[in-house]
Amino acid sequence: MNIIKQASYNKKDFTVEGREYQFKGFIEVEKVSLRHRLFGQDQFTAVIHRELIHRPEAAGVLIYHDRQEKFALIEQFRIGAIDDAESPWQLEIIAGVLDGDESAENCIRRESLEESGCELDALQHLFSFYPSAGACSELFHLYAAQAELPEHGGIFGMPDEGENIQLHIFNYADLPELLASGRLKNAPVIMALQWLQQKIHTIKSV
39 MNIIKQASYN
49 KKDFTVEGRE
59 YQFKGFIEVE
69 KVSLRHRLFG
79 QDQFTAVIHR
89 ELIHRPEAAG
99 VLIYHDRQEK
109 FALIEQFRIG
119 AIDDAESPWQ
129 LEIIAGVLDG
139 DESAENCIRR
149 ESLEESGCEL
159 DALQHLFSFY
169 PSAGACSELF
179 HLYAAQAELP
189 EHGGIFGMPD
199 EGENIQLHIF
209 NYADLPELLA
219 SGRLKNAPVI
229 MALQWLQQKI
239 HTIKSV
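Numbering-wise (our numbering), the sequence shown opens with residue 39 and increments by one.
Just so you know, these hints were derived from the structure itself, not from any lab. This structure is a prediction, so every number in the text was calculated from the model and none was measured. Take the hints with a grain of salt, since some may be wrong.
To be verified - Derived SDA-like pairs (lysine to any residue); straight-line CA-CA distance at most 20 Å:
#1 223 <-> 117
#2 108 <-> 219
#3 242 <-> 232
#4 223 <-> 207
#5 108 <-> 164
#6 108 <-> 207
#7 49 <-> 175
#8 108 <-> 158
#9 108 <-> 189
#10 49 <-> 73
#11 49 <-> 89
#12 49 <-> 88
#13 108 <-> 182
#14 49 <-> 80
#15 49 <-> 172
#16 108 <-> 232
#17 108 <-> 217
#18 108 <-> 129
#19 223 <-> 212
#20 43 <-> 76
#21 62 <-> 88
#22 69 <-> 58
#23 223 <-> 124
#24 62 <-> 137
#25 49 <-> 77
To be verified - Quick list of the computed label-pair ranges, beta carbon to beta carbon:
#26 73 <-> 140: 30 to 38 Å
#27 61 <-> 137: 19 to 27 Å
#28 188 <-> 69: 42 to 50 Å
Just so you know, even glycine gets a beta-carbon here, dropped at the ideal spot from N, CA and C.
Using the sequences plus the hints, can you model the full thing?
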(Lines of atoms letter the chains of each structure in order from A; the text may use other names.)
(Lines give C-alpha, C1' and ligand atoms only; values in the text may rest on other atoms or scores of the structure.)
Protein backbone atom coordinates (compact mmCIF):
# COMPACT_ATOMS: atom_id res chain seq x y z
CA MET A 39 0.00 0.00 0.00
CA ASN A 40 1.31 3.44 -0.92
CA ILE A 41 1.13 5.57 2.23
CA ILE A 42 2.69 8.69 0.69
CA LYS A 43 -0.19 11.17 0.46
CA GLN A 44 0.09 13.86 -2.20
CA ALA A 45 -0.84 17.42 -1.33
CA SER A 46 -4.46 18.23 -2.13
CA TYR A 47 -3.44 21.26 -4.18
CA ASN A 48 -0.24 22.67 -5.72
CA LYS A 49 1.27 25.94 -6.94
CA LYS A 50 -1.44 26.34 -9.57
CA ASP A 51 -4.04 26.64 -6.83
CA PHE A 52 -3.03 29.98 -5.36
CA THR A 53 -2.29 33.42 -6.78
CA VAL A 54 -0.07 36.10 -5.30
CA GLU A 55 -1.64 39.54 -5.61
CA GLY A 56 1.26 41.48 -4.11
CA ARG A 57 4.51 41.21 -2.12
CA GLU A 58 6.20 43.99 -0.17
CA TYR A 59 9.18 43.84 2.20
CA GLN A 60 8.56 45.41 5.61
CA PHE A 61 12.04 44.76 7.02
CA LYS A 62 15.40 43.46 5.79
CA GLY A 63 18.16 42.33 8.16
CA PHE A 64 19.51 38.91 9.20
CA ILE A 65 15.88 37.92 8.84
CA GLU A 66 13.46 39.53 6.40
CA VAL A 67 9.77 40.24 6.89
CA GLU A 68 7.52 40.42 3.84
CA LYS A 69 3.83 41.27 3.54
CA VAL A 70 2.15 38.92 1.06
CA SER A 71 -1.33 39.38 -0.39
CA LEU A 72 -2.79 36.22 -1.91
CA ARG A 73 -5.81 34.09 -2.75
CA HIS A 74 -5.96 30.29 -2.57
CA ARG A 75 -8.40 27.56 -3.52
CA LEU A 76 -10.91 26.34 -0.94
CA PHE A 77 -11.20 22.64 -0.10
CA GLY A 78 -14.09 20.92 -1.87
CA GLN A 79 -14.90 23.97 -3.99
CA ASP A 80 -13.89 25.60 -7.24
CA GLN A 81 -13.79 29.00 -5.55
CA PHE A 82 -10.82 30.90 -4.16
CA THR A 83 -10.63 32.88 -0.95
CA ALA A 84 -10.97 36.62 -0.95
CA VAL A 85 -7.59 38.39 -0.87
CA ILE A 86 -5.88 37.63 2.44
CA HIS A 87 -2.77 39.30 3.87
CA ARG A 88 0.01 37.45 5.69
CA GLU A 89 3.38 38.46 7.17
CA LEU A 90 6.12 36.07 6.03
CA ILE A 91 9.40 35.79 7.94
CA HIS A 92 12.28 34.73 5.73
CA ARG A 93 15.15 32.77 7.32
CA PRO A 94 17.89 30.89 5.44
CA GLU A 95 17.85 27.10 5.26
CA ALA A 96 19.37 25.47 8.31
CA ALA A 97 20.70 22.05 9.26
CA GLY A 98 21.35 20.24 12.51
CA VAL A 99 22.81 16.96 13.71
CA LEU A 100 22.43 14.70 16.71
CA ILE A 101 25.87 13.28 17.52
CA TYR A 102 25.78 9.96 19.34
CA HIS A 103 27.90 6.83 19.84
CA ASP A 104 26.40 3.36 20.34
CA ARG A 105 29.49 1.81 21.92
CA GLN A 106 29.85 4.64 24.43
CA GLU A 107 26.05 4.75 24.84
CA LYS A 108 26.25 8.53 24.89
CA PHE A 109 24.96 11.52 22.92
CA ALA A 110 25.77 15.23 22.81
CA LEU A 111 23.60 18.33 23.19
CA ILE A 112 24.55 21.98 23.42
CA GLU A 113 23.21 24.78 25.59
CA GLN A 114 23.16 28.46 24.62
CA PHE A 115 21.21 31.68 25.09
CA ARG A 116 18.35 32.03 22.59
CA ILE A 117 16.59 35.33 21.95
CA GLY A 118 13.41 33.52 20.89
CA ALA A 119 13.13 32.11 24.41
CA ILE A 120 13.85 35.39 26.20
CA ASP A 121 10.37 35.35 27.77
CA ASP A 122 10.50 31.64 28.66
CA ALA A 123 9.18 31.01 32.17
CA GLU A 124 12.27 28.98 33.10
CA SER A 125 15.28 30.14 31.08
CA PRO A 126 16.35 31.45 27.66
CA TRP A 127 19.33 29.04 27.79
CA GLN A 128 18.06 26.19 25.65
CA LEU A 129 19.23 22.58 25.16
CA GLU A 130 19.60 21.85 21.45
CA ILE A 131 21.32 19.70 18.88
CA ILE A 132 24.28 21.19 17.02
CA ALA A 133 22.92 23.31 14.16
CA GLY A 134 23.58 26.26 11.91
CA VAL A 135 22.48 28.25 8.89
CA LEU A 136 23.63 27.21 5.42
CA ASP A 137 26.19 29.67 4.06
CA GLY A 138 25.18 30.68 0.52
CA ASP A 139 25.16 27.62 -1.73
CA GLU A 140 26.65 25.42 1.01
CA SER A 141 25.16 21.93 1.31
CA ALA A 142 23.43 20.83 4.49
CA GLU A 143 26.12 18.18 5.01
CA ASN A 144 28.98 20.68 4.80
CA CYS A 145 27.15 23.03 7.13
CA ILE A 146 26.76 20.27 9.71
CA ARG A 147 30.40 19.23 9.58
CA ARG A 148 31.50 22.85 9.99
CA GLU A 149 29.12 23.53 12.86
CA SER A 150 30.09 20.28 14.61
CA LEU A 151 33.74 21.32 14.73
CA GLU A 152 32.85 24.81 15.94
CA GLU A 153 30.34 23.74 18.59
CA SER A 154 31.70 20.40 19.83
CA GLY A 155 35.15 19.75 18.37
CA CYS A 156 33.85 16.51 16.83
CA GLU A 157 34.70 15.51 13.27
CA LEU A 158 31.88 13.76 11.44
CA ASP A 159 32.09 11.24 8.62
CA ALA A 160 28.89 9.37 7.70
CA LEU A 161 25.71 11.40 8.07
CA GLN A 162 22.20 9.94 8.18
CA HIS A 163 19.41 12.20 6.97
CA LEU A 164 16.33 11.91 9.17
CA PHE A 165 13.86 14.63 8.12
CA SER A 166 13.56 17.95 6.31
CA PHE A 167 10.74 20.11 7.65
CA TYR A 168 9.37 23.61 8.18
CA PRO A 169 9.66 24.40 11.93
CA SER A 170 6.97 27.10 11.78
CA ALA A 171 5.26 27.10 8.37
CA GLY A 172 2.45 29.32 9.65
CA ALA A 173 4.75 32.33 9.49
CA CYS A 174 8.32 31.38 8.54
CA SER A 175 9.97 30.13 5.34
CA GLU A 176 12.89 28.36 7.06
CA LEU A 177 13.51 24.76 5.93
CA PHE A 178 15.43 22.65 8.47
CA HIS A 179 17.42 19.52 7.56
CA LEU A 180 17.84 17.10 10.46
CA TYR A 181 20.64 14.53 10.52
CA ALA A 182 22.23 12.04 12.91
CA ALA A 183 25.87 10.93 13.01
CA GLN A 184 28.01 8.65 15.13
CA ALA A 185 31.30 10.06 16.43
CA GLU A 186 33.64 9.41 19.31
CA LEU A 187 32.46 11.72 22.08
CA PRO A 188 34.62 13.35 24.74
CA GLU A 189 34.25 12.11 28.31
CA HIS A 190 33.10 15.53 29.44
CA GLY A 191 31.63 18.60 27.80
CA GLY A 192 33.28 21.98 27.35
CA ILE A 193 32.87 25.54 26.10
CA PHE A 194 32.72 26.06 22.33
CA GLY A 195 31.45 28.50 19.72
CA MET A 196 32.76 31.46 17.75
CA PRO A 197 33.20 34.40 20.17
CA ASP A 198 33.51 36.90 17.29
CA GLU A 199 29.99 35.83 16.25
CA GLY A 200 28.64 36.24 19.78
CA GLU A 201 28.55 32.49 20.43
CA ASN A 202 29.04 31.04 23.90
CA ILE A 203 28.11 27.36 23.81
CA GLN A 204 28.23 24.70 26.51
CA LEU A 205 28.60 21.11 25.28
CA HIS A 206 26.84 18.48 27.41
CA ILE A 207 27.43 14.73 27.19
CA PHE A 208 24.47 12.52 28.17
CA ASN A 209 24.12 8.78 28.69
CA TYR A 210 21.55 6.75 26.79
CA ALA A 211 20.01 5.98 30.19
CA ASP A 212 19.19 9.71 30.57
CA LEU A 213 16.90 9.73 27.52
CA PRO A 214 13.50 8.90 29.09
CA GLU A 215 13.91 11.41 31.92
CA LEU A 216 15.22 14.10 29.58
CA LEU A 217 12.30 13.69 27.15
CA ALA A 218 9.78 13.79 30.00
CA SER A 219 11.36 16.69 31.89
CA GLY A 220 9.97 19.58 29.86
CA ARG A 221 13.52 20.93 29.46
CA LEU A 222 13.48 20.37 25.68
CA LYS A 223 11.51 23.07 23.89
CA ASN A 224 12.49 23.04 20.22
CA ALA A 225 11.39 20.63 17.52
CA PRO A 226 14.76 19.41 16.15
CA VAL A 227 16.10 18.19 19.51
CA ILE A 228 12.82 16.48 20.44
CA MET A 229 12.56 14.78 17.04
CA ALA A 230 16.21 13.70 17.12
CA LEU A 231 16.04 12.23 20.62
CA GLN A 232 12.76 10.43 19.90
CA TRP A 233 14.49 8.93 16.84
CA LEU A 234 17.47 7.87 18.99
CA GLN A 235 15.20 6.35 21.64
CA GLN A 236 13.39 4.30 18.99
CA LYS A 237 16.72 3.23 17.49
CA ILE A 238 18.02 2.06 20.87
CA HIS A 239 14.78 0.17 21.55
CA THR A 240 15.00 -1.54 18.15
CA ILE A 241 18.61 -2.62 18.76
CA LYS A 242 17.75 -4.06 22.19
CA SER A 243 14.75 -5.91 20.74
CA VAL A 244 16.83 -7.73 18.11
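Worksheet item: Regarding the pair residue 108 and residue 232, is the alpha-carbon distance no greater than 20 Å?
Response: holds (15 Å)
Worksheet item: Within 20 Å, alpha carbon to alpha carbon, are residue 69 and residue 58?
Response: holds (5 Å)
Discussion item. Just to be careful, I want the Cα atoms of residue 223 and residue 117 compared with a cutoff of 20 Å; is the pair within it?
Written reply: Between residue 223 and residue 117 the Cα gap is close to 13 Å, so the pair holds against 20 Å.
Practice prompt. Given the hint that residue 108 pairs with residue 219, test it: the Cα-Cα distance must not exceed 20 Å.
Written response: Measuring from Cα to Cα gives roughly 18 Å; hence the hint holds.
Worksheet entry | Holds or violated: residue 49 to residue 175, with C-alpha atoms at most 20 Å apart | Cα-Cα ~16 Å, so holds.
Practice prompt. Given the hint that residue 108 pairs with residue 207, test it: the Cα-Cα distance must not exceed 20 Å.
Written response: Given that 20 Å is the threshold and the Cα spacing comes to 7 Å, the pair holds.
Worksheet item: Does the alpha-carbon distance linking residue 49 and residue 77 stay inside the 20 Å limit?
Response: holds (15 Å)
Practice prompt. For the pair we were handed, residue 108 and residue 164, check the Cα-Cα distance against 20 Å.
Written response: Distance ~19 Å between residue 108 and residue 164 Cα, so the pair holds.
Worksheet item: Under the criterion that the straight-line Cα-Cα distance not exceed 20 Å, is the pair residue 223, residue 207 satisfied?
Response: Holds, because 18 Å separates the two Cα atoms, which is no more than 20 Å.
Worksheet item: Using the C-beta atoms of residue 61 and residue 137, is the stated range 19 to 27 Å upheld?
Response: holds (22 Å)
Worksheet item: Would the pair residue 49 and residue 89 pass a check requiring their Cα atoms to be no farther apart than 20 Å?
Response: holds (19 Å)
Worksheet item: Would the pair residue 108 and residue 189 pass a check requiring their Cα atoms to be no farther apart than 20 Å?
Response: Judged against 20 Å, a Cα distance of about 9 Å means the pair holds.
Checked against the numbered hints given earlier, the structure satisfies every one of them.
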